[in-house]
Amino acid sequence: MTSRLVSKGAVNVFLLIAAVYTLLPLTWLLFASTKSLSDLYSTPGFALSDLNLGANLSAVAAEGDGIFFRWYVNSLLYAGGGAALGALISVACGYAFDKYDWRGKERLFGLVLLGVLVPTTATAIPLYLLVSKVGLVNSFWSVFIPALVHPFGVYLARVLSTGYVPGEVLEAARSDGAGEIRTFVSVALPMLRAAYVTIFLFQFTGIWNNFFLPLVMLSDQHLFPLSLGLYSWNTQVTAFPEYSTLVITGSLLSVVPLLLVFVFLQRFWRAGMTAGSVK
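Residues in the sequence shown are numbered consecutively from 1, following the UniProt record's numbering.
Check the hints yourself; a few may be wrong.
[As the list claims (entries may be wrong)] EDC-like cross-link-like pairs, simulated, lysine to aspartate or glutamate; straight-line CA separation at most 20 Å:
(1) Lys105 with Glu180
(2) Lys99 with Glu180
(3) Lys99 with Glu171
Hint data in this document are derived by calculation from the structure and do not stem from the laboratory.
Turn these sequences into a full structure, and let the hints steer you where they fit.
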């Protein structure tokens, strides 16, 4: 009994240390965003000073005629639209790999798994060359369309389809006269709701934090996502120190959508991550 309590206590201590370590950067960001430029460099990182958050927010909104909020909308379109459509494509592909048989299926799925191993930064230059061939460089679509492809989402959707969608239910729907598309949309897709949300969260986070692909594709700052826009401000900090508070406050605002998405969708995400564990 004593050894069990010690073991449980050690695990809890380790988890507490991990949680504190994870929250330290966000806590520093929260403190730093409330400071003026002089306090930012003259006070300790986790020390409170005169609350200057309102002035910092006003400065962010005023800089470049409100260009920050244009970046914000761009990121929401890239990440929200790309994740919503991309997750649907991944679920449909995973469902097809799971429920249908065709020649060369496993070989094709092996190529999908190979895509999981390739880092996204390695594909940015080839994608740029392909996009330039069709004349879409420096456009919204040059960032949006590549975000729809998510090999890990296809793999995860296949695994979750195995655990969530019984073959007997699909056969019953087909016996009632439903076609394959109707069966997928009306029967399988509702069962894969948790899988869809899980993939959506992975893809939303990945697109929201994507930096290298927009850096390669875009030169018009009105098309920048937040990651690239804040980077452009950060490059000017050496010459213009006042950009430090803009970058910090903008970084704090950029975290808000990720927190909201995970808070409101966490029950589906948790269900999706545990799917198949009891099977």
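Verification of the supplied hints:
1. Lys105 with Glu180: holds, 18 Å
2. Lys99 with Glu180: holds, 11 Å
3. Lys99 with Glu171: This hinted pair holds, its Cα atoms lying about 11 Å apart.
Violated hints for the displayed structure: none, as all numbered hints are satisfied.
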